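Asker: So the protein lines, in turn, are chains A and B. Oh and the first sequence: position 222 is 222 in the working numbering, straight run, nothing missing. Oh and the second sequence: position 60 is 60 in the working numbering, straight run, nothing missing.
Among the hints, erroneous ones may be present.
Quick list of the computed label-pair ranges, beta carbon to beta carbon [stated by the list, open to error]:
hint, chain 1, residue 1, chain 2, residue 2, range
1, B, 175, A, 200, 26 to 32 Å
2, A, 26, B, 176, 55 to 61 Å
3, A, 200, B, 82, 55 to 61 Å
4, B, 163, A, 185, 51 to 57 Å
5, B, 152, A, 180, 58 to 64 Å
No wet-lab data here; the hints were simulated from the structure. This structure is a prediction, so every number in the text was calculated from the model and none was measured. Glycine included, each C-beta is placed from N, C-alpha and C at the ideal position.
Listed below, chain by chain, are the residues.
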Amino acid sequence: MTAQRTLRAAGLVVLLAVVAVFPLVFTNPTATLFAIDTLIFVIVASAWNMFSGFSGYLSLGHAVFYGTGAYFMAVAANDWHMNGSAAFELLPLAGLVAALIAVPVGLIALRVRRHTFVVITIAFFFIAQLAASNLSVTGGSSGLILPSPPFASATFNNPFYYLAAVLAVLTVALAWLVRRSRYGLQLRAIRDDEDRAAGLGVRTMPVKLSALVLSAFITGMAGALWVYFIGTAYPMFVFDPLFDLAVVLMAFFGGLGTIAGPVLGALVLEPAQQWLTLQTTGYESEILFGALFLVIILFLPRGVLPTAAEYLTKGRAVLARRRERPPGQSPSELAESRGGSSRS
Amino acid sequence: MGSEITYAIAAGVLGGGVYALMAAGLTLVFGVLDIINVAQGILVVLGAYLSYVLYRHLHINLFVGLLITVPAMFGIGVVIYWLFIRPLRGSERTSMTLLACFAVALIIEGVLYREFGSNYVSINAPVTSASVHVLGIYLPDIYLYGFGLAVLTIVALYLMLYRTGFGRSVRATMQNQTAARLIGIDVTRVSALTFGIGTGVTAIGGMVYGSISGGFTPNSGYDLISRLLAIVILAGLGSIGGALAAAVFMTTAEALVDIWQPTWAVAVFYLAMIIILAVRPSGLFGRRAVRAQ
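Please build the complete structure, drawing on both the sequences and the hints.
Answerer: Dropping the structure here:
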């Protein structure tokens, strides 16, 4: 096991090193643009997973928090005349606003479970979209334009890239901490059987709500960073139903409720989607995206990582059995040794 | 002002009948299969486009065209069930089926965009422009025909559910799938047919929707599904009668608010839903009440 842990740590170091030097090697702005998009989805997919993957409450309304953060950023940067690195100081504030929105949303939506919860998150999404298209503070359907950051054009993308990278690493680390903690255990107990969890003394509502608020906080920051990067906020792009679907797909692809799963999903699917969009017209990429989604759900329902882990365990068990069984062992002895190992 | 209110109420009630029909399909599928078909909205739009093509290009009367579009939508529903819903099993089935329906919706939307583009189209049949003069208002004929058609279909659904052997199998499956299987009901077949029926009604809903709405695009599916979901949640999932009441209530309320607040009228749907859920999480006509019928 220690060899595996060393291997895992080495892999992590290599991954972090690649993330750190990526913009120095690939200076092409299109490459860094893809990379920033991907990192933002790493953040959001991990944050989504921290709530939905751990608790089993599938949210299709995270765009509400993403969009709230984005619009807060757009309005605040304009009204308070903040630009450049000063504007980055608004990110935690944007996260806070998204977290504040998550409190009433959670108080209403988390009273119901399963289908009804999913549907209510969708409804909140539509309310947010409607509000953004009609309120005057968001500029309505004509949108808002953010101040353009005073960065040198050759390395324009780099501050965004590194900020997104730092946020992504922090989010994944936080997800890891949550999963290992007593709190994470409570969340997963809720996922497996909420009534039993409540019976065992988990205060389910505060646990669920705080997970949603935490997730919304991170998602809001990601939205704010993204909108400052692209420079415009339109209701149809800020509140995009495909955004929710993409995030969910990433988590499912990698493995719902795991730490590395959403990261892997974002790293694979976001560049793939960007590439598809470049290669095809908008409608074709929508069809392909839907088809890809169906393929993943039908053939990899538990995600790449859990499926791979299962095969690995199976393979190891076969090897171990072969090693265990010396040529002359009788079947009854074998059954005994197997029974013993399964009980332990 | 008085005639405006009369018109709003008339249009709201009559239009509500059509939404009730679409929502009935959604809630029936939920009751039997325990899935939420979020593709229902885009399926209605697909039905509307089918009627549009038949009428505008092949010059088939809208009502005669239903003889083609209803079986077609029924077939599409059965195929969707067989290919994408039936294989999904296990503990995550609830969320998986919902996502699968969402993916199907995306594919249909993409195909519609490809075929018809993103411009608004409308079914301009004589029946959509003629109107009758009642109670001091001019009401387009299509509202009356659409409402009548929706009521007939809902009555037919009820008769099927409560007066036929197949309906008995459907209700048994709704109550307890395992027990239904044990007494020899082919649950997969019942599920496939129910999904087909739930989709088949979108052909009728689509034809009327396409005629009473000023125009539609493939994007209209989002607007429709958000209303339909609000209706079935407000009614309580699985309740057909509740969906009827909720649909009429919501569309009438929306039409009334629309008189003085056109931009926010659609928010009535969501607000009503959220207020009800905050008070009564199982919806107005919760599942248990329906099961007791």
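Asker: Now tell me, hint by hint, if it's right for this structure.
Answerer: Okay, the hints, checked on the actual structure:
Between residue 175/B and residue 200/A the Cβ separation comes to about 31 Å, which falls inside the hinted range of 26 to 32 Å. Restraint check, residue 26/A to residue 176/B: a C-beta distance of roughly 58 Å satisfies the suggested window 55 to 61 Å. Between residue 200/A and residue 82/B the beta carbon distance is about 41 Å. The supplied range of 55 to 61 Å is therefore violated. Hint check: residue 163/B to residue 185/A, Cβ distance near 52 Å, so the stated range 51 to 57 Å holds.
Separation of residue 152/B from residue 180/A is about 60 Å and conforms to the stated range, judged on CB atoms against 58 to 64 Å.
Of the numbered hints stated above, the single one contradicted by the structure is hint 3.
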